[in-house]
Amino acid sequence: MKRWILVLFITFAASLAWGLEPDEILSDRGLEQRARDLSKQLRCVVCLNQDIDSSNAGVARTMRILLRERLVAGDSDEEVRAFFVERYGDFVLFQPPLKGSTYLLWFGPFVFFGIGAGIVVVVFRRHRAKTVRMSAGSLSAEEEHEINAFLQSEEEHK
Amino acid sequence: MKRMVVALPALVALILGGFFLWGLNPDRDPNAVPTARIAKPVPEFDLPAVAGIETPGLSADNLRETGEPVLVNVFASWCVPCRAEHAVLTRFVEQDGIRLMGINYQDKPEDAADWLADLGNPYERIGSDLDGRVGVDWAISGVPETFVVDANGVVVFRYVGPIIAPEAQAEVRAALDAAKEPL
Amino acid sequence: MIPESGHFALVLALAVALVQSVLPILGARTGRALLMESARTTALLQMILVGIAFASLVRSFVVSDFTVRNVLENSHSLKPMIFKVAGSWGSHEGSLLLWTLILVVFGAGVALLGGNIPAALKARTLSVQAWISAGFLTFMLFTSNPFERVFPPPLDGQDLNPLLQDIGLAMHPPLLYFGYVGFSIVFSFAVAALIEGRVDPAWARWVRPWALAAWISLTAGIALGSWWAYYELGWGGWWFWDPVENVSFMPWLLGTALLHSAIVTEKRDTFKSWTILLAILTFSLSLLGTFIVRSGLLTSVHAFAVDPERGLYILGLLGVTIVGSLTLYAWRAPQLEPGGLFRPISREAGLLINNLLLATATATVLFGTLYPLFVEALADEKVSVGPPYFNTTFIPFMLPLVIMMGIGPFLSWKRADLPGVWQRLRWVLAIALGVGLVVWYLQTDGPLLAVISLAIAAWVFAASLREWALRIKMFDAPLPESLRRARNLPRAAHGMTLAHIGIAVLILGFVGSTAWKEERIIFAEPGTRVEIAGFEVVFEGIERVQGPNYIAQQGQLRVLKNGAELTWLRPERRSYPVAGSTTTESAIRTTLAGDLYVTIGEPAADKASGKWTVRILYEPFVTWIWIGAVMLILGGALSMSDRRLRVGVPKRARRGPAPQPAE
Chain H
-14 MKRWILVLFI TFAASLAWGL EPDEILSDRG LEQRARDLSK QLRCVVCLNQ
36 DIDSSNAGVA RTMRILLRER LVAGDSDEEV RAFFVERYGD FVLFQPPLKG
86 STYLLWFGPF VFFGIGAGIV VVVFRRHRAK TVRMSAGSLS AEEEHEINAF
136 LQSEEEHK
Chain W
22 MKRMVVALPA LVALILGGFF LWGLNPDRDP NAVPTARIAK PVPEFDLPAV
72 AGIETPGLSA DNLRETGEPV LVNVFASWCV PCRAEHAVLT RFVEQDGIRL
122 MGINYQDKPE DAADWLADLG NPYERIGSDL DGRVGVDWAI SGVPETFVVD
172 ANGVVVFRYV GPIIAPEAQA EVRAALDAAK EPL
Chain S
36 MIPESGHFAL VLALAVALVQ SVLPILGART GRALLMESAR TTALLQMILV
86 GIAFASLVRS FVVSDFTVRN VLENSHSLKP MIFKVAGSWG SHEGSLLLWT
136 LILVVFGAGV ALLGGNIPAA LKARTLSVQA WISAGFLTFM LFTSNPFERV
186 FPPPLDGQDL NPLLQDIGLA MHPPLLYFGY VGFSIVFSFA VAALIEGRVD
236 PAWARWVRPW ALAAWISLTA GIALGSWWAY YELGWGGWWF WDPVENVSFM
286 PWLLGTALLH SAIVTEKRDT FKSWTILLAI LTFSLSLLGT FIVRSGLLTS
336 VHAFAVDPER GLYILGLLGV TIVGSLTLYA WRAPQLEPGG LFRPISREAG
386 LLINNLLLAT ATATVLFGTL YPLFVEALAD EKVSVGPPYF NTTFIPFMLP
436 LVIMMGIGPF LSWKRADLPG VWQRLRWVLA IALGVGLVVW YLQTDGPLLA
486 VISLAIAAWV FAASLREWAL RIKMFDAPLP ESLRRARNLP RAAHGMTLAH
536 IGIAVLILGF VGSTAWKEER IIFAEPGTRV EIAGFEVVFE GIERVQGPNY
586 IAQQGQLRVL KNGAELTWLR PERRSYPVAG STTTESAIRT TLAGDLYVTI
636 GEPAADKASG KWTVRILYEP FVTWIWIGAV MLILGGALSM SDRRLRVGVP
686 KRARRGPAPQ PAE
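Chains as they are written, first to last, in our numbering: chain H, -14 to 143; chain W, 22 to 204; chain S, 36 to 698.
If we strip away everything but chain H, and leave its shape as in the complex, we get (with noise of 0.2 Å):
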């Protein structure tokens, strides 16, 4: 409990090196291609954050060859997927699928992109309303001072 280890990779260090065996591989390259595009997104269970693809786990060797088997028995992608899902749950998928206690996942970045450019829109209005104002009146003591900042950074951008 107390033992504290520092920064990486430490605890699978016992196990470590990589997943996938040459007798696992299935000759059809195409399914294979898919095999392995899948065990990247699955996770292994027992090991800790890491794709069943690399993981030396016994429990993950086994998921990798029932993946291989329900594609070579014509499964799709989907269908495989629901076949670890019946079992694990959402867990054992990385990418978590769309559905209520995710939609905040998946839309969260682009609803954070929308506010801040709807912060930039604002922010751009206001100033436009103030330089039509300025360009109305004749200057005073604040804009003869954004005058010289302008003409100062255009010097320095010769």
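Please keep in mind that the hints were generated in silico from the structure rather than gathered at the bench.
All C-beta atoms in this analysis are idealised placements derived from N, C-alpha and C, irrespective of residue type, glycine included.
It is possible that some hints are incorrect.
[What the hints assert, rightly or not] 20 Å max Cα-Cα, derived EDC-like pairs, lysine to aspartate or glutamate: (1) S:646 <-> H:8; (2) S:646 <-> S:511; (3) S:417 <-> W:202; (4) H:25 <-> S:553; (5) W:129 <-> W:86; (6) S:596 <-> S:553; (7) H:84 <-> S:411; (8) W:61 <-> W:82; (9) H:25 <-> S:554; (10) W:61 <-> S:416; (11) W:61 <-> S:575; (12) S:417 <-> W:158; (13) S:552 <-> H:22; (14) S:646 <-> S:578; (15) H:25 <-> H:62; (16) S:646 <-> H:9; (17) H:84 <-> H:71; (18) H:84 <-> S:415; (19) S:646 <-> S:560; (20) W:23 <-> S:372; (21) W:129 <-> W:67; (22) S:417 <-> W:50; (23) S:646 <-> S:600; (24) W:61 <-> W:158; (25) W:201 <-> W:131; (26) H:84 <-> H:64; (27) S:552 <-> H:64; (28) W:61 <-> W:188; (29) H:84 <-> S:578; (30) S:417 <-> H:71; (31) W:61 <-> H:71; (32) H:84 <-> H:62; (33) W:61 <-> W:86.
[What the hints assert, rightly or not] Sample of chain W residues at the chain H side, in silico, Cβ under 10 Å: (34) 52; (35) 57; (36) 62; (37) 64; (38) 76; (39) 122; (40) 126.
Place chains W and S on chain H using the hints.
Quick look at chains W and S alone, frame taken from chain H:
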């Protein structure tokens, strides 16, 4: 408007802090593996007996017609905690008359037979899951793991890890009792 | 005795930090110069005291003093000396001490080198810095004392983890911490500015070298960690979107945004409130990283023992620091003077979009990293958020950012002339499209994203060079004239060009090694031949090799190209008998075109007995990732050496933009 915008970061930080505080709860295990198998009928499987021993194999059918709640224990001879758990399970069977089924997970039959000969065999039936597929069907996340299956063949409870500590034993007993009560 | 003096030095350092927390800021408030000046002495004293503590710990490791619990648990007498030393920051306690040391070093740095900073701002900044160091010193003294003794002393240490005995890993934390903690001083400057209620171009200029120093170290730390993962873990991957990687990446992203936003504050006296917020948030994310790494809150492949009590303490520290500073921000930010005006098409606007995209990318990483916790708390459900999520959400924000990187430097401040920019960039666009087409034609079945990414990389590359060429009037003026201009160009301008080109180079590495990676996994016996990426690799067998503290099975692989022998690759599988563990050592043939990467696994079991599992990878352009990282670091360093950032140059104008030194 502007005031609200500048207060937003502090607000978000507070909310995040709330989640972190919740997450530090010592009872929470961040590494726990969930299962989608609870409250569902036992998965279809049919495992042969462990070669070299008398105990018969185990299939889904066996679990559907028990008439009372049973324990299904996933074990292996290579699993060190299983050895400690074995004594507890034996006591469950011998003293409390609990019915115990076993799934011998990814284990060489000879090793399993030696192990059982050595420690005794409290299991009513043992299925030999050589390639570990049935383990995945049961969605296990390690060995040992123990399930309570009720009289109708529905998986009602799962315990991850060895049942050794008194609290663990009490938890399993409680689950068995709960499963006995007619719905 | 030595460990006790280290402990005592820490207690003294805490006392000094508490004094520094109060006196200078009080002096700044009441205008008493003597009190303000005291920060110079106390900051220096803190550095010396924490330095003594750190030296004591290192000494205990060097002499393998196993009466100290920390040494006992994290060292072993058989370790090579360099890893004994590195062991002193290999534990939670030791790394915390290093953290604190860097914290006070930055404080002392400002106290000693910041001669040009007005006394009041400096005094406030150093007081804020002392608040942070006081927080970490109490944390260390109350929960994580690195000098705790054990009695009776055992015969030998407990840690010999061979995986950790690697120079890349030993140097990774100090660099990373230097980056993390470096942002603390930027944070302190920001909080001090909020207390003063004034942010101006001079402020941005004083902060800049510190922000750059932190950013450079963080870049180096992340790059080193990823390089280590690449060659040591045996998967040939360099980034796994693991929570612990993500928490180091977030301050980097936001720190990058800060560097760009601070330019606008410096040159145009605007974006002030935003720059301050970025400064606070960047350090907050560094603290968040420390918290996540040490609390065991999230599942990560990087192993940390869970200790909720310490987690609670850091969370408290985090809460006070982050919520406190953000509340101060909410209170004072609206009072900052509004800045200069600019048009929607201008350098300012370009940098605003840059910041928006970087902030969104940071939010995406933060969100994805923490989402499993949210769902677990609210819905009692467990989900996994892994690489597929990050790749699909992160990349869409990065590509436009990189496109903007090409355009931004061409925009003039305040109001840009779009037709003029187009005039200068159309050939660049043509080059980028050309590169895209060529790549599309050459690649057989790679993903479309790879083509687009490489076209964008070419775009940034060409645009950055074009901008640089324009500045020095390359081809428009005689060569000597251009050279003279290049010499006179501010170093920051060279730095920017180099760093932007570095990003283009990074993309080449990312795309090459993911989209066109080739892989063979085979059972090999002596004589087995494999074709990969135009190479022929022949497995000649296994030899046993005796290392200093391990026995290795060394694969002998001959690499041929067009029938001619090129080189031998010798991957190893090492077993360390004392530590009782095994590691794999990959063998890599690195060229600029790509890496040939070989690992061997266990001897195959029953079905293929007598054979060995061999994995051969070809990763095109992967080295360019680290070349790009080095370019980023050099770019940052060039920028930092710019004459305008040198000590003594900027004097604060009474108000408005600082006068520009002739450049």
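Against the structure, the hints:
| no. | hint | result |
| --- | --- | --- |
| 1 | S:646 <-> H:8 | holds (12 Å) |
| 2 | S:646 <-> S:511 | violated (65 Å) |
| 3 | S:417 <-> W:202 | violated (30 Å) |
| 4 | H:25 <-> S:553 | holds (16 Å) |
| 5 | W:129 <-> W:86 | violated (29 Å) |
| 6 | S:596 <-> S:553 | holds (16 Å) |
| 7 | H:84 <-> S:411 | holds (15 Å) |
| 8 | W:61 <-> W:82 | holds (15 Å) |
| 9 | H:25 <-> S:554 | holds (15 Å) |
| 10 | W:61 <-> S:416 | holds (17 Å) |
| 11 | W:61 <-> S:575 | violated (54 Å) |
| 12 | S:417 <-> W:158 | holds (19 Å) |
| 13 | S:552 <-> H:22 | holds (13 Å) |
| 14 | S:646 <-> S:578 | holds (14 Å) |
| 15 | H:25 <-> H:62 | holds (12 Å) |
| 16 | S:646 <-> H:9 | holds (15 Å) |
| 17 | H:84 <-> H:71 | holds (16 Å) |
| 18 | H:84 <-> S:415 | holds (15 Å) |
| 19 | S:646 <-> S:560 | holds (5 Å) |
| 20 | W:23 <-> S:372 | holds (14 Å) |
| 21 | W:129 <-> W:67 | holds (18 Å) |
| 22 | S:417 <-> W:50 | holds (11 Å) |
| 23 | S:646 <-> S:600 | violated (24 Å) |
| 24 | W:61 <-> W:158 | holds (12 Å) |
| 25 | W:201 <-> W:131 | violated (36 Å) |
| 26 | H:84 <-> H:64 | holds (17 Å) |
| 27 | S:552 <-> H:64 | violated (28 Å) |
| 28 | W:61 <-> W:188 | violated (25 Å) |
| 29 | H:84 <-> S:578 | violated (54 Å) |
| 30 | S:417 <-> H:71 | holds (14 Å) |
| 31 | W:61 <-> H:71 | holds (11 Å) |
| 32 | H:84 <-> H:62 | holds (19 Å) |
| 33 | W:61 <-> W:86 | holds (16 Å) |
| 34 | 52 | holds (7 Å) |
| 35 | 57 | holds (4 Å) |
| 36 | 62 | violated (12 Å) |
| 37 | 64 | holds (8 Å) |
| 38 | 76 | violated (23 Å) |
| 39 | 122 | violated (19 Å) |
| 40 | 126 | holds (9 Å) |
The structure fails to meet hints 2, 3, 5, 11, 23, 25, 27, 28, 29, 36, 38, 39 from the earlier list, while all remaining hints are met.
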